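Undergrad: Spelled out, the chains give:
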Amino acid sequence: MRVTADQTFAIRLELNGRSREALAEPRTQLCDFLRHDLGATGVHVGCEHGVCGACTVLVDGVAMRSCLMLAVQGHERRIETVESLADDDTLSDLQQAFRRHHALQCGFCTAGILMSCVDFLERVPNPDETQVRDMLSGHLCRCTGYTGIVQAVLEVAAQRQTNKGV
Amino acid sequence: MKPAAFDYVRADTRRQVVELLAEYGQEARIIAGGQSLMAVLNMRLAQPKLLIDINHVAELAYIELRKDCLAVGAGVRQAQLLARSTLMDEVPLLALAMPWIGHFQTRNRGTVCGSVAHADPSAELPLCLVTLGGEIVLESKKGKRIVKAADFFQGILTTDKRADELVVEVRFPLKSEGITYRFREIAMRHGDFAIVSLAAAIGADQVELGIGGVADRPQRRSLPRGAALPDALNQTAWSLDAQDDVQASAAYRRQLIRELGHQLIEGV
Chain A
1 MRVTADQTFA
11 IRLELNGRSR
21 EALAEPRTQL
31 CDFLRHDLGA
41 TGVHVGCEHG
51 VCGACTVLVD
61 GVAMRSCLML
71 AVQGHERRIE
81 TVESLADDDT
91 LSDLQQAFRR
101 HHALQCGFCT
111 AGILMSCVDF
121 LERVPNPDET
131 QVRDMLSGHL
141 CRCTGYTGIV
151 QAVLEVAAQR
161 QTNKGV
Chain B
1001 MKPAAFDYVR
1011 ADTRRQVVEL
1021 LAEYGQEARI
1031 IAGGQSLMAV
1041 LNMRLAQPKL
1051 LIDINHVAEL
1061 AYIELRKDCL
1071 AVGAGVRQAQ
1081 LLARSTLMDE
1091 VPLLALAMPW
1101 IGHFQTRNRG
1111 TVCGSVAHAD
1121 PSAELPLCLV
1131 TLGGEIVLES
1141 KKGKRIVKAA
1151 DFFQGILTTD
1161 KRADELVVEV
1171 RFPLKSEGIT
1181 YRFREIAMRH
1191 GDFAIVSLAA
1201 AIGADQVELG
1211 IGGVADRPQR
1221 RSLPRGAALP
1231 DALNQTAWSL
1241 DAQDDVQASA
1251 AYRRQLIREL
1261 GHQLIEGV
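Taken in order, these protein sequences are the chains called A and B. If you read the first sequence in the numbering used here, its first letter stands for residue 1, the second for the next number, and so on. If you read the second sequence in the numbering used here, its first letter stands for residue 1001, the second for the next number, and so on.
Quick caveat, the hints were computed from the structure, so don't treat them as lab data.
Estimated spans, in silico, between C-beta atoms of each pair:
{"no.": "1", "chain 1": "B", "residue 1": "P1224", "chain 2": "A", "residue 2": "A158", "range": "44 to 54 Å"}
{"no.": "2", "chain 1": "A", "residue 1": "Q96", "chain 2": "B", "residue 2": "Y1252", "range": "43 to 53 Å"}
{"no.": "3", "chain 1": "B", "residue 1": "D1089", "chain 2": "A", "residue 2": "V62", "range": "18 to 28 Å"}
Pairs of lysine to aspartate or glutamate, DMTMM-like flavour, derived with a Cα cap of 20 Å:
{"no.": "4", "chain 1": "B", "residue 1": "K1002", "chain 2": "A", "residue 2": "D32"}
{"no.": "5", "chain 1": "B", "residue 1": "K1144", "chain 2": "B", "residue 2": "D1164"}
{"no.": "6", "chain 1": "B", "residue 1": "K1002", "chain 2": "A", "residue 2": "E25"}
{"no.": "7", "chain 1": "B", "residue 1": "K1142", "chain 2": "B", "residue 2": "E1027"}
{"no.": "8", "chain 1": "B", "residue 1": "K1175", "chain 2": "B", "residue 2": "E1090"}
{"no.": "9", "chain 1": "B", "residue 1": "K1002", "chain 2": "A", "residue 2": "D37"}
{"no.": "10", "chain 1": "B", "residue 1": "K1002", "chain 2": "A", "residue 2": "D6"}
{"no.": "11", "chain 1": "B", "residue 1": "K1161", "chain 2": "B", "residue 2": "E1023"}
{"no.": "12", "chain 1": "B", "residue 1": "K1049", "chain 2": "A", "residue 2": "E25"}
{"no.": "13", "chain 1": "B", "residue 1": "K1049", "chain 2": "A", "residue 2": "D6"}
Source: prediction; values computed, not measured. Virtual Cβ for every residue (Gly too), placed ideally from N, Cα, C.
All chains, full assembly: derive it from the sequences and hints.
TA: Below you can see the structure in the form of structure tokens.
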């Protein structure tokens, strides 16, 4: 595949379970493409150099920074954003726990944190607090702090373990 | 910020990559995980004419256990190597140091060879490679060449790699019997750039100590153990031309090398 700087490329990808297509220049970042061209404004763009974690999405199920990927690199991939979590009006277990534990105030960082948690809890279903804090070190939250977030993640992990046992 | 405009090629073979590098030279940049390069592009610190994406070059995505080394191809993500269940038996220093690379989210996409090619003086993988005496395999249209880690890193973000070359593989020597491996790092937060990072291969009488985050490239020193160690660590600390910056003073860096070095090596 070759796209010159002045061309656009028709990017086809699966976004939150639906097949989508739109045009993008080579230099367009994945985060901007998801927001501006596909309408997934739950993707928040903060620092644009991979530090703050607000733009974290799942690419083929794996948590990544969408500001550190190009839209063309999303071609033929499966992308999930925060919009994928709630089932109509019912929040996911993670979202409900975040609400219960006041794990957000302004919510700017939350979308990215939730997506990291989805991938993390798949791979580490029974984490301890140190592991959760280590995973969260990839996100900056400037209003709530991390205590509520850690509690929410640990609670969801414990709930899921219990449910699995039933 | 947003990147300046560039042409983009999604390469399918390494042949295609080296041919493009031969044609474009310094005007081309390789993108693998992009966890350093994308930030640089976003800030327009680099404005390449051509970006060559090697994420779809299947022949570069391998981890191979060989007689004397663990060879890691340019397509291998950091998370993939870290998840290797036998890593602690093969190259224990990597298993100890890799959790300190960036964050869970950046290790998911960042590659092992990409970090080596980027050559940040505070990065963990270049430090491991230098401490263990590893090698870097470079390929151009003209052929391959193998460079020792000590010769590869030449300064801040500066390596022996020529403009027409691709880092195709890095080789980490396997663990030696009777050697204990340890790693420590001090940063403002876990995952931030290291103020000082130390990697050690500790034998009965002697230790190979790698120091990152202080000089313009990772450094390695052979130090004695026992009573002579504190003096040797002090000399090492002063030999690295530590600098003051926003994160820490030169004096603090020297103190970390002395104190953490001693703790790391003697386990006290």
